[in-house]
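So the sequence lines, in the order shown, correspond to chains G and H.
Start counting the first sequence at 1; every next residue gets the next number (the working numbering).
Start counting the second sequence at 244; every next residue gets the next number (the working numbering).
Hint data in this document are derived by calculation from the structure and do not stem from the laboratory.
Among these hints, one or two may not hold up.
[As the list claims (entries may be wrong)] To give an idea of the chain H side of the interface with chain G (calculated C-beta under 7 Å), a few residues:
(1) Val404
(2) Ile609
(3) Gly612
(4) Thr645
(5) Pro647
(6) Ser649
(7) Met653
(8) Ala707
(9) Ile710
Just so it is clear, the structure is predicted and the values come from calculations on it, not from any experiment.
Heads up, the beta-carbon is just placed ideally off N, CA and C, and yes, glycines get one too.
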Amino acid sequence: MDHQHQAQATTATSRELPMARSMCWHCQSEVTGEYLCGQCVKVQPLSRDLDYFACFQLPRLLNIDEQHLEKTFYELSRTFHPDFYSTKDESEKAISLGNSAFLNAAYRTLKDPIQRAEYLIRLEAGAVKDIRSNPPADLFEEVLELQETLETFRQLAPKGPSAGLEALRKKLQAEREHLEKRQAEMEASLQDKFNEWDQLQERAALPGQAREEKNTILREMQEILSNRTYVRNMVNDLLETTG
Amino acid sequence: MSRIVGIDLGTTNSLVAFMDKEGPHVIPGPDGQTKVPSIVGLTDNGLIVGDPAKAHLIRDPSHTIYSVKRFMGKGLDDVKDELKYFPYHLHEKNGVIRIEIGDKTYSPPQVSAMILKELKRRAEDYLKEDVSKAVITVPAYFNDSQRQATKDAGLIAGLEVLRIINEPTAASLAYGLQKKTQGLIAIYDLGGGTFDISILKLKDGIFEVLATNGDSHLGGDDFDQRLVDVLVDDIFQTQGIKVEGNPELMQTVRLEAERVKIRLSDETQAQAVIQLPNGTYEKLWTRESVESLVMDLVERTLGPCRNALKDAGLTASQIDEVVLVGGSTRMPLVWRKVEELFGKTPHSELNPDEVVALGAAVQADILGGHTKDLLLLDVTPLSLGIETMGGVMSALIRRNTTIPTSAKEMFTTYVDGQTSVDIHILQGERELVKDNRSLARFQLKLPPLPAGVPRVEVNFLIDANGILHVTARDIRTGEAQSVQVKPSHGLTDDEVEGMIRDSFQFAAEDIKARQIIEARNEANAIIVATEKALVRAANLISDKEAEGIRRILQQLGEVKAGDDHRAIRTKISEVEKTTHHLAEVLMDATLKEALESKKLSDVIK
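All chains should be modelled from the sequences, with the hints used to inform the complete structure.
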């Protein structure tokens with residue numbers, strides 16, 4: 001098998017991950033932004049400040065090249081994975097383990113659009129507030145009624161099949177379809193926000209530039225994300241209860 | 244660097260493999276068999292492992308341990324439903340099952356270590372070099388305790404376990420290497436005691452596990468049990484014999500059930516034949532009758548398959564290839580059900596018994612630094628979390644997260660001057676603590692300060708073996724804190740140490756058993772040869788000499804029945820001395836015959 005897959009555009013930059021120290025922990029020679037020391041070829045620990053986008057040499061955009069992401073993940077896995085450090089000393093093993101764990105977390109987060117957006121908001125605007133427990137304002141009435149129906153269904157279900165139960169099931173299934181539609185709509189508007197954000201980043205890449213505009217988009221995204229989480233949890237609840 | 248072997252430590256059979264330039268190979272025993280039955284017999288003369296122990300199972304079931312993998316990393320409560328099926332007594336100490344054999348007790352890792360030692364010896368005999376490092380496979384759905392128990396078994400056997408690798412992923416390595424497959428594959432692995440399903444993406448030498456699921460307590464053993472239940476009932480109904488109270492008979496029935504099941508993979512009917520005290524019992528089984536008996540068990544494997552697909556974000560039709568692993572996938576019923584679910588014919592070109600060991604050897608080669616183009620990215624099968632207020636589990640690491648992975652959690656105090664926090668680590672998918680698996684507990688030390696001021700960060704790291712490591716750091720001082728984790732269902736380091744020491748003791752007993760067997764074999768050979776020689780030399784030696792030889796042969800026969808291998812050896816050399824003249828006479832006679840026949844042939848010419 002041939003694994004000399006050189007990334008066309010990324011090869012030049014793929015060796016420039018920020019490292020924890022500028023000096024090799026082992027031979028003390030200067031490490032010039034590479035993950036292996038140029039002198040003694042020991043693996044270097046990744047910087048604690050490294051963010052997931054930087055880890056994959058990606059700009060902080062929300063539409064990302066998934067093939068590039070996967071390819072870089074595989075390349076970096078080949079560099080850091082503990083399997084390749086089995087015969088090395090304990091320090092190198094520990095570094096490989098730490099780097100690998102970080103890389104896996106970074107890949108997992110960026111691969112999923114929702115997690116990617118949540119991570120970006122955390123990076124750009126500090127901690128994301130916990131997922132709200134209140135339903136979205138425009139769904140408030142509907143959700144209250146739904147909760148009641150769901151409760152009645154749960155009480156009836158153990159008593160075996162009946163016409164009443166079947167009617168409730170139908171009603172809940174219709175509700176679920178409606179909520180699934182809402183979820184899809186939210187995801188579409190989230191995608192619009194992703195595009196807005198990316199366009200803004202293209203013309204104002206520095207963190208300080210267009211700060212107000214950026215913060216507005218981030219807040220709007222967070223609002224949609226919380227609503228979507230709420231609706232999705234509802235849908236999962238319905239799926240579990242009514243099948 | 245010394246060679247690293249790959250070991251498949253199975254519920255019913257175990258294998259050892261290695262890799263050379265041509266690829267991975269399973270190491271056969273002297274008889275050419277690659278499978279070593281995972282059975283250990285503790286006889287008066289020491290340990291026997293594998294096929295001899297299987298024979299011992301019927302003669303002396305209460306001193307013979309099988310399917311010990313089912314007890315690895317478990318407490319007594321976990322296996323209480325099946326206790327009645329095992330001929331030996333179990334008890335629990337510090338959350339770990341102990342098996343009582345005679346006046347001794349053994350933990351499951353100790354018994355597994357006996358099997359590992361046999362494999363180690365087999366590899367050493369074959370490779371003609373010391374073997375001290377290994378990769379050992381476990382079911383993908385094994386939890387942390389079960390993995391740790393397997394690692395302990397390796398240590399007790401004198402093996403450095405470089406990696407614990409999941410069985411279906413090991414199989415994928417062997418399969419992918421041979422087939423040069425790319426794309427999405429599902430590995431369906433139904434063994435003797437466990438079931439796993441793993442969904443992988445194979446691309447450019449990277450084997451990325453997307454999701455795994457399974458049942459660490461479902462396998463061929465359970466199929467056998469269904470047949471056993473029917474046979475036991477039928478024997479009682481028709482013959483009036485209670486099998487339950489008779490461990491020897493129970494094992495005979497169990498082995499016959501297994502044989503019938505295996506036979507029905509190729510035949511449409513098979514006869515069970517069991518010797519009872521009052522005669523021979525026979526029962527004709529059809530494939531259909533067995534299939535309907537185990538149908539629900541086979542169907543139980545389909546739920547995990549669907550869950551794994553869901554977690555991987557895939558539908559069955561997106562899977563490019565389905566690969567069958569494990570002896571139980573030989574059943575046509577399993578084959579049909581898997582085909583139905585995935586909508587494609589499953590592959591089973593590689594020997595389903597050997598493919599896991601072969602894959603372990605490939606992984607060993609990767610770790611040894613020889614194979615550089617393959618890399619396995621595996622996942623943790625179960626969510627990991629800690630207990631929070633109200634007995635609820637808070638998940639820190641979700642199932643199917645690529646390993647190694649870590650999660651950090653900050654801890655502080657609720658009361659002024661509080662100096663410790665108790666942390667309970669769990670594994671599982673359920674909401675409540677009581678429905679999940681308790682892994683370990685530890686006490687986190689905090690500096691005596693006003694409530695909420697101390698800040699200690701705990702790092703939960705799952706390494707590439709799927710085994711948890713816990714470290715803690717005081718954020719205010721930046722100092723690392725040592726964490727003493729107490730496993731809920733595992734041996735402590737001290738216990739493992741003690742068992743390593745004990746294993747030297749076993750080794751001595753083991754060698755003794757081996758020496759007796761070898762001396763007996765030699766004695767048997769010499770008795771047969773001498774008796775033949777006596778017949779041939781009937782007219783060549785005096786009656787007195789013949790009588791002397793017969794007398795010493797009889798003495799050898801008596802000594803042979805004893806347990807003293809030295810006495811057997813001494814008697815053997817006495818026999819050799821006494822038969823010295825006989826051998827010479829025979830040699831002369833043979834020579835004469837040869838010369839005479841030559842003359843004869845000359846004449847004819």
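Should the interface hint for Ser649(H) be scored as holding, given a Cβ-Cβ cut-off of 7 Å against chain G?
OK, holds: Ser649(H) within 7 Å of chain G, min 4 Å.
Using 7 Å as the Cβ threshold, decide whether Thr645(H) counts as touching chain G.
Holds, because the Cβ-Cβ distance from Thr645(H) to chain G comes to roughly 4 Å (cut-off 7 Å).
Go through the hint on Gly612(H) and say holds or violated, using the shortest Cβ distance to chain G against 7 Å.
holds (5 Å)
Val404(H) as chain G interface residue, shortest Cβ-Cβ below 7 Å
violated (12 Å)
Interface restraint verdict for Met653(H) against chain G (beta-carbon cut-off 7 Å):
With a minimum Cβ separation of about 13 Å from chain G (threshold 7 Å), the hint on Met653(H) is violated.
Classify the hint on Ile609(H) as holds or violated, based on whether any CB of chain G lies nearer than 7 Å to its CB.
At about 5 Å, which falls below the 7 Å cut-off, the nearest Cβ of chain G leaves the hint on Ile609(H) intact, so it holds.
Against chain G, with CB atoms and a cut of 7 Å, does the hint on Pro647(H) hold up?
holds (5 Å)
Holds or violated: the hint that Ile710(H) contacts chain G, with Cβ atoms closer than 7 Å.
At about 12 Å, which exceeds the 7 Å cut-off, the nearest Cβ of chain G leaves the hint on Ile710(H) violated.
Using the nearest Cβ pair, does Ala707(H) come within less than 7 Å of chain G?
holds (5 Å)
Checked against the numbered hints given earlier, the structure breaks hints 1, 7 and 9 and satisfies all the rest.
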